[in-house]
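As they're listed, the protein sequences go chains A and B. Residues in the first sequence are numbered from 1 upward in steps of one, following the numbering used here. Residues in the second sequence are numbered from 279 upward in steps of one, following the numbering used here.
Because the hints were derived from the structure by calculation, they are not lab data. The beta-carbon is built from N, C-alpha and C at its ideal position, and this holds for glycine as well. Incorrect hints may have been included.
[Stated by the list, open to error] What follows is a set of in silico ranges between Cβ atoms, one per label pair, in the way DEER data are often shown:
no., chain 1, residue 1, chain 2, residue 2, range
1, B, 320, A, 204, 33 to 41 Å
2, A, 150, B, 399, 55 to 63 Å
3, A, 147, B, 281, 32 to 40 Å
4, B, 536, A, 90, 19 to 27 Å
5, B, 483, A, 76, 44 to 52 Å
6, A, 141, B, 421, 16 to 24 Å
7, A, 80, B, 303, 25 to 33 Å
8, A, 188, B, 368, 37 to 45 Å
9, B, 320, A, 188, 38 to 46 Å
10, B, 281, A, 188, 16 to 24 Å
11, B, 483, A, 149, 28 to 36 Å
[Claimed, not checked] Chain A regions said to be covered by chain B (calculated; three or more residues, Cβ under 8 Å):
no., region
12, 37 to 43
13, 174 to 180
14, 197 to 209
2 protein chains.
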Amino acid sequence: MRKLGLIAGGGALPVALAGHCRDAGRPFFVIRLRGFADAAMAEFPGAEVGVAELGRVFDTLKREACAAICMAGNVSRPDFSALKPDLRGLKSLPGAVAAARKGDDALLRFLLGEFEREGFAVEGADAVFADLRIGAGALGDYRPGAEHQDDIGLARRVVETLGALDIGQAAVVAGGVVLAVEAQEGTDAMLARCLALPAALRGGEGARLGVLIKWPKSVQDRRIDLPVVGVATVQAAAAAGLAGIIVQADGALALDKPAVRTVADARGLFIVGLPALS
Amino acid sequence: MRKLGLIAGGGALPVALAGHCRDAGRPFFVIRLRGFADAAMAEFPGAEVGVAELGRVFDTLKREACAAICMAGNVSRPDFSALKPDLRGLKSLPGAVAAARKGDDALLRFLLGEFEREGFAVEGADAVFADLRIGAGALGDYRPGAEHQDDIGLARRVVETLGALDIGQAAVVAGGVVLAVEAQEGTDAMLARCLALPAALRGGEGARLGVLIKWPKSVQDRRIDLPVVGVATVQAAAAAGLAGIIVQADGALALDKPAVRTVADARGLFIVGLPALS
Numbered sequence: 001m002r003k004l005g006l007i008a009g010g011g012a013l014p015v016a017l018a019g020h021c022r023d024a025g026r027p028f029f030v031i032r033l034r035g036f037a038d039a040a041m042a043e044f045p046g047a048e049v050g051v052a053e054l055g056r057v058f059d060t061l062k063r064e065a066c067a068a069i070c071m072a073g074n075v076s077r078p079d080f081s082a083l084k085p086d087l088r089g090l091k092s093l094p095g096a097v098a099a100a101r102k103g104d105d106a107l108l109r110f111l112l113g114e115f116e117r118e119g120f121a122v123e124g125a126d127a128v129f130a131d132l133r134i135g136a137g138a139l140g141d142y143r144p145g146a147e148h149q150d151d152i153g154l155a156r157r158v159v160e161t162l163g164a165l166d167i168g169q170a171a172v173v174a175g176g177v178v179l180a181v182e183a184q185e186g187t188d189a190m191l192a193r194c195l196a197l198p199a200a201l202r203g204g205e206g207a208r209l210g211v212l213i214k215w216p217k218s219v220q221d222r223r224i225d226l227p228v229v230g231v232a233t234v235q236a237a238a239a240a241g242l243a244g245i246i247v248q249a250d251g252a253l254a255l256d257k258p259a260v261r262t263v264a265d266a267r268g269l270f271i272v273g274l275p276a277l278s
Numbered sequence: 279m280r281k282l283g284l285i286a287g288g289g290a291l292p293v294a295l296a297g298h299c300r301d302a303g304r305p306f307f308v309i310r311l312r313g314f315a316d317a318a319m320a321e322f323p324g325a326e327v328g329v330a331e332l333g334r335v336f337d338t339l340k341r342e343a344c345a346a347i348c349m350a351g352n353v354s355r356p357d358f359s360a361l362k363p364d365l366r367g368l369k370s371l372p373g374a375v376a377a378a379r380k381g382d383d384a385l386l387r388f389l390l391g392e393f394e395r396e397g398f399a400v401e402g403a404d405a406v407f408a409d410l411r412i413g414a415g416a417l418g419d420y421r422p423g424a425e426h427q428d429d430i431g432l433a434r435r436v437v438e439t440l441g442a443l444d445i446g447q448a449a450v451v452a453g454g455v456v457l458a459v460e461a462q463e464g465t466d467a468m469l470a471r472c473l474a475l476p477a478a479l480r481g482g483e484g485a486r487l488g489v490l491i492k493w494p495k496s497v498q499d500r501r502i503d504l505p506v507v508g509v510a511t512v513q514a515a516a517a518a519g520l521a522g523i524i525v526q527a528d529g530a531l532a533l534d535k536p537a538v539r540t541v542a543d544a545r546g547l548f549i550v551g552l553p554a555l556s
């Protein structure tokens, strides 16, 4: 298998990918993005590089004979005025700034394009580690009932619309009401604020109501930034009184599928992959 | 002028409307919704009624010879199972519950319909007190520059889309990125969480960036629940580093226009009314 350059932002996804490459015997090299990559990434072969040191990234990956790259993990949008780019990074900066003005997705697509122009193939996290994908149907023991279908239908229309505007990848719908929409704050913050809403709007333990939906943006490149469901997501959805989680089949990742399934079963939540509407 | 029944939920809008009726010599009677109406409402002629006591509301307004009603102020969606409806309220309850499943706007429209079926005319807050309306153009000294036009355009597309799905009436856009979208949590909570975002995404005092937009939902009845801009809104937008506030011309209310204008001028924010896109 071709050697993989893993560009690692924050969170557990890059750790899972590196662990999988090691276990599967795939050669790989990690670019740890300074200030973002998890400390656990230091145990894998790799180098730490600043987010704007594009020249160092390209040179290192070529020296390591990586033929493909995968960008994974969280990287918050940089303060462009505070970046310390190297020469190659400086060359890309105007394009990055212009792309950033068109939204997150445009910025990420610009960066992928820079890697492709340097001759690297680009693999999505789910191409590197196919078992991360949440497929069609129920992941655990629970399934949505007839009483959840209206909320699920509304939730899908909401995220399809949000995605077309590059707003976000998640929303919460309960009892016909859109309780919350995710933009830049992230899923955890969105679920936390659902708890602050009037109790009449929400469900609760024993009378679960509504769904969290996580869905890729229709505008996004599927090779980067697929929505992720982790154990913490399931716990937060349970705490918010929700009945379950809807994802787009093969359009979302589970970080540790057995653990995610176990927690969902224990809390009585369904996790279901549904096809895209269009 | 026909006598007005003012159905008063929470917040300062009902207080402003009652004060205006009194000052303008218009006869009126206040229905103070228990648990919601501001304490200041007790100084006006009126009666306190539970949200589900529809029979008492209709009887009281008829006895007071009110020919029209205006619903104003915040009322959080009730826990229908905990309501104590009177006989007339009981009759409306199934319709209210069914409407609520279709969203906030459907519930409010159902309630307006009940008033109309009882023979009351319905007036919007801006019909009762026309000067509350924010019209076209700049309200204060500041105007958006060329550097704000992209964010304003994106913000308008976002709220028009949100409104068509009955999601909410506000969003924050800065530097080409949708920072936050309002659903059930309210504008104050949405602006507060913008402050928690990485500094690179936001503006700040001296380098203001982005806009708060408040826009009526395209699905809503304009006689209820027009978005409101108050002094607190301007202060929160300023604290979030935003450059200004966009509203739909004649589709948003300012609670105390001179005070709103004064604060916006003092903090250096624009407030501008723009026409609907469609």
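Each hint tested on the structure:
1. The hinted range of 33 to 41 Å is satisfied by residue 320 of chain B and residue 204 of chain A, whose Cβ atoms lie roughly 34 Å apart.
2. For the pair residue 150 of chain A and residue 399 of chain B, the supplied restraint of 55 to 63 Å is violated, since their beta-carbon distance comes to about 34 Å.
3. At roughly 44 Å, the beta carbons of residue 147 of chain A and residue 281 of chain B sit outside the given window of 32 to 40 Å.
4. As the Cβ distance of residue 536 of chain B to residue 90 of chain A is approximately 50 Å, the hint placing it in 19 to 27 Å is violated.
5. Separation of residue 483 of chain B from residue 76 of chain A is about 21 Å and departs from the stated range, judged on CB atoms against 44 to 52 Å.
6. At about 59 Å, the beta-carbon gap between residue 141 of chain A and residue 421 of chain B misses the expected band of 16 to 24 Å.
7. A C-beta distance of roughly 59 Å is found between residue 80 of chain A and residue 303 of chain B, which places it outside the suggested range of 25 to 33 Å.
8. The hint said 37 to 45 Å for the Cβ distance between residue 188 of chain A and residue 368 of chain B, and at roughly 42 Å that hint holds.
9. Distance hint check for residue 320 of chain B and residue 188 of chain A: the Cβ-Cβ separation is about 42 Å, which falls inside the suggested range of 38 to 46 Å.
10. For the pair residue 281 of chain B and residue 188 of chain A, the beta carbons lie near 51 Å from each other, so the given range of 16 to 24 Å is not met.
11. Look at residue 483 of chain B against residue 149 of chain A: about 48 Å separates their beta carbons, and that is not inside 28 to 36 Å.
12. Against chain B, the region 37 to 43 of chain A contributes 0 residues with a C-beta closer than 8 Å to a partner C-beta. That does not satisfy the three-residue criterion, and the hint is violated.
13. Here the region 174 to 180 of chain A counts 6 residues with a CB under 8 Å from a CB of chain B, which clears the bar of 3, and the coverage holds.
14. Here the region 197 to 209 of chain A counts 5 residues with a CB under 8 Å from a CB of chain B, which clears the bar of 3, and the coverage holds.
Violation of the numbered hints given earlier is confined to hints 2, 3, 4, 5, 6, 7, 10, 11, 12; the remaining hints are satisfied by the structure.
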